[in-house]
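Student: What follows is each chain in one-letter form.
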Amino acid sequence: MTAVLPTQSDSLERGWLTDLEDEAIHIIREVVGQFERPVLLFSGGKDSIVMAHLAMKAFWPSRLPFALMHVDTGHNFAEVIEYRDRKVAEWGVKLIVASVQDAIDAGRITETPGQTRNPLQTIPLLDAITSNKFDAVLGGARRDEEKARAKERVFSVRDDFGQWDPRNQRPELWDLYNGRHRTGEHVRVFPLSNWTELDIWAYIEREGIEVPNIYYAHQREVVDRDGMLLAITEFTPPREGETVRTESVRYRTVGDATCTGAVASIAGSVADIITETAASTISERGATRADDRASEAAMEDRKRQGYF
Amino acid sequence: MPAGLLRVVTAGSVDDGKSTLVGRLLHDAKAVLADQMTAVQAASERRGYAGADLALLVDGLRAEREQGITIDVAYRYFATPRRTFILADTPGHVQYTRNTVTGASTADVAVILVDARSGVVEQTKRHLAVASLLRVSEIVLAVNKMDLVEFSEAVFDAIVTDFAAAAASLGVAHFTPIPVAALSGANIVTKSPQLDWYGGQALLEFLETVEPAVRADLPARFPVQVVLRPRTAEHPDYRGYAGRVEAGVLHRGDKVQVLPSGRVSVVAGIDTPTGELSEAPAGRSVTVRLEDDVDIARGDLIVVDGDPAPVVTRELQATVCWLTDRPLRAADRYQLRHTTRDVRAIVDAVESKLDIATVTPIPASELNLNDIGTVRIRLAEPIIVDPYALNRSTGAFLLVDETSGATVAAGLVR
Ligand SMILES: Nc1nc2c(ncn2[C@@H]2O[C@H](COP(=O)(O)OP(=O)(O)O)[C@@H](O)[C@H]2O)c(=O)[nH]1
Ligand SMILES: [Mg+2]
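Quick note, the sequences are listed as chains A and B, same order.
Under our numbering, the first residue of the first sequence carries the number 1, and numbering increases by one thereafter.
Under our numbering, the first residue of the second sequence carries the number 309, and numbering increases by one thereafter.
If you are wondering where the hints come from, they were derived from the structure by calculation, not from laboratory data.
We treat Cβ as the ideally placed atom computed from N, Cα and C, and that holds for glycine.
Some hints could be false.
To be verified - Straight-line alpha carbon distances no greater than 25 Å define the calculated DMTMM-like cross-link-like pairs of lysine to aspartate or glutamate that follow:
| hint | chain 1 | residue 1 | chain 2 | residue 2 |
| --- | --- | --- | --- | --- |
| 1 | A | Lys133 | A | Asp85 |
| 2 | B | Lys563 | B | Glu519 |
| 3 | A | Lys57 | B | Asp465 |
| 4 | B | Lys338 | B | Asp613 |
| 5 | A | Lys57 | B | Asp663 |
| 6 | B | Lys563 | B | Glu599 |
| 7 | A | Lys57 | A | Glu207 |
| 8 | B | Lys563 | B | Asp601 |
| 9 | B | Lys338 | A | Asp105 |
| 10 | A | Lys133 | B | Glu659 |
| 11 | B | Lys499 | B | Asp336 |
| 12 | A | Lys57 | B | Asp545 |
| 13 | A | Lys133 | B | Asp709 |
| 14 | A | Lys87 | A | Asp102 |
| 15 | B | Lys338 | A | Glu210 |
| 16 | A | Lys57 | B | Glu542 |
| 17 | A | Lys94 | B | Glu542 |
| 18 | A | Lys133 | B | Asp650 |
| 19 | A | Lys87 | B | Glu542 |
| 20 | A | Lys87 | A | Asp105 |
| 21 | B | Lys338 | A | Glu276 |
| 22 | B | Lys563 | B | Asp545 |
| 23 | A | Lys87 | A | Asp72 |
| 24 | B | Lys499 | B | Asp323 |
| 25 | B | Lys563 | B | Asp615 |
| 26 | B | Lys338 | A | Asp102 |
| 27 | A | Lys133 | A | Asp105 |
| 28 | A | Lys94 | A | Glu111 |
| 29 | A | Lys87 | A | Glu242 |
| 30 | B | Lys499 | B | Glu519 |
Said to hold, decoys possible - A few chain A residues facing chain B, derived, Cβ under 7 Å:
| hint | residue |
| --- | --- |
| 31 | Asp144 |
| 32 | Arg167 |
| 33 | Arg180 |
Using the sequences and the hints, build the whole thing.
Tutor: See the structure below:
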């Protein structure tokens, strides 16, 4: 068979990134070994991009043995949706879109005007898991993101109601992942558990992975809101008293446009982003996510109800 | 173990200061970001604490913060110029021992804390037993809260002597004692003048420089996770076995056996999407092709010829940590999970359990929650094992409750 690169003779020299890659691939393959209907959550954000990349490596030269799913709040960055659709076509994989707007239209959930749709993703996510009979859901969450996430297992069982019970998690020994579950339950799997934000960028650089261009510094109209730099979009018009200004910014996380803030940045390349990330004194979610600020346990509460 | 990465787990009884120590380590090593620190300060104030409670950096669940205890393992990541660390902070309550076992199962170093005022207690010994059983290669005894015993060398020495006795009866060859005060940071990142009688390293310096013992290696072991048959125009006849090398080094051209069938073949290629490898060491996830068309499925083990050979068996002599309320008794049935293989298992006999107070085995007919004991297990189909002492992967298994799916035991092949 034809190799893309010459035989690597330095395979005994293993870096930390290679360890993380090997671990993630092992986890993703266990999912396919143990479950009947897995799905991979793909938002077009950097973590899900890295996870999809790892999944394709895990099964090469076979095709990806599961579909991707995007829980779409409808409040997107246009660049991210363009990226998502282009990549799905390029990879030749199936994409399922679970729409928050559809769930609102169907009366499954009610939107509170003026509030982010981020927490509303839980119901469409759980509905899609049930209707597609998914038994394993691969998510790109990392333990270093948030203190409740730091408590999560790699294989994390969700009950019939999609709920996480952090006080009663299965022991997870060695890397013997136990995916056994009852009918109606499903398992969330987090192959990037042990990655940090810096690891993600270092891996993106090493692998030459393309990411949506909103991750790089660009000029954008922003306002100061909730202590964040919020972009002016059709979903987030300026409020009274706010002054719109144009700044060089980039995004550290990509979520719902109404609650994801930008950071001031001049990083035009992955190498620049790595330098900025290493020097940053503020965490990724602290800088950019209004949804985590509601209370001390905002993330834990959302996770208990079945959020990512 | 790759150079540069160290997995560290805390252990010890509740309130001995594990979470404070991890918080202090992160804080003093400058691994806490400004917004995280602000959040911890605010949370401490809300609770009426005098200063910032660094334990809140790891006690992230609502129930943990309300009760001021640790319930489940928290994983934290940080790096110094010398090394990258994964810190697992575990709970001390007997009730949550399963979470301590979870944190210890992947650790290179266990930092076992003792409150200098109370000395070695039952939980200290239980966690020492868990760490030694799981073969965590380095054990640190951190005698904490030295500020509350006037930084007394005599108190420290007495605790080290007690701990050494327990370690000796468990067969732990060596450990590193360090006097610390996690709350103020004495001997955590920098050495404390109040402990000037102590000639050793501060905790962080020890963690940065320790070289965990490299275990004797085996010929390569490769459990098959998934069989890859793309049947695409580009790869019409490709058949590869995806998995991770779990021992030794696998080379192209190696003579191998496929177990349990015993068929022999030769490694034709070791594939990755970026090219073929001539060899793959333990830990690498790769795809293996063989020269012959042998029938291989998930759960099979590809092994390289050589000594020691693994054992194909339907009977196990094992040590188990029992992790659930319902006791383990002879004739109980479970699902046994080993590498990528699942088989049905019957417990033939419970033989003994560890008496924690005396750290010696005593006869037993059942194992209760958190007991560590020896058992004999019979299997519906063979599995292929090495002793746990030789390999953490092919020597380890889980017992799983067939109806609930819960993991009820950590098992180690003797
Ligand atoms: N005086 C003193 N108190 C400490 C020290 N380390 C921890 N503590 C206190 O001991 C209590 C228990 O600490 P914590 O870290 O939650 O213990 P854990 O249960 O082992 O995680 C807290 O009130 C800490 O402030 C120390 O070095 N000196
Ligand atoms: Mg604690």
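Student: Now, for every hint given, state plainly whether the structure supports it.
Tutor: Hint check results:
no. : hint                  : verdict
1   : A:Lys133 <-> A:Asp85  : holds (24 Å)
2   : B:Lys563 <-> B:Glu519 : violated (33 Å)
3   : A:Lys57 <-> B:Asp465  : violated (54 Å)
4   : B:Lys338 <-> B:Asp613 : violated (49 Å)
5   : A:Lys57 <-> B:Asp663  : violated (48 Å)
6   : B:Lys563 <-> B:Glu599 : holds (10 Å)
7   : A:Lys57 <-> A:Glu207  : holds (11 Å)
8   : B:Lys563 <-> B:Asp601 : holds (15 Å)
9   : B:Lys338 <-> A:Asp105 : violated (48 Å)
10  : A:Lys133 <-> B:Glu659 : violated (44 Å)
11  : B:Lys499 <-> B:Asp336 : holds (12 Å)
12  : A:Lys57 <-> B:Asp545  : holds (19 Å)
13  : A:Lys133 <-> B:Asp709 : holds (23 Å)
14  : A:Lys87 <-> A:Asp102  : holds (24 Å)
15  : B:Lys338 <-> A:Glu210 : violated (32 Å)
16  : A:Lys57 <-> B:Glu542  : holds (16 Å)
17  : A:Lys94 <-> B:Glu542  : holds (20 Å)
18  : A:Lys133 <-> B:Asp650 : holds (23 Å)
19  : A:Lys87 <-> B:Glu542  : holds (21 Å)
20  : A:Lys87 <-> A:Asp105  : violated (29 Å)
21  : B:Lys338 <-> A:Glu276 : holds (17 Å)
22  : B:Lys563 <-> B:Asp545 : holds (22 Å)
23  : A:Lys87 <-> A:Asp72   : holds (16 Å)
24  : B:Lys499 <-> B:Asp323 : holds (23 Å)
25  : B:Lys563 <-> B:Asp615 : holds (13 Å)
26  : B:Lys338 <-> A:Asp102 : violated (46 Å)
27  : A:Lys133 <-> A:Asp105 : holds (23 Å)
28  : A:Lys94 <-> A:Glu111  : violated (29 Å)
29  : A:Lys87 <-> A:Glu242  : violated (37 Å)
30  : B:Lys499 <-> B:Glu519 : holds (21 Å)
31  : Asp144                : holds (5 Å)
32  : Arg167                : holds (6 Å)
33  : Arg180                : holds (4 Å)
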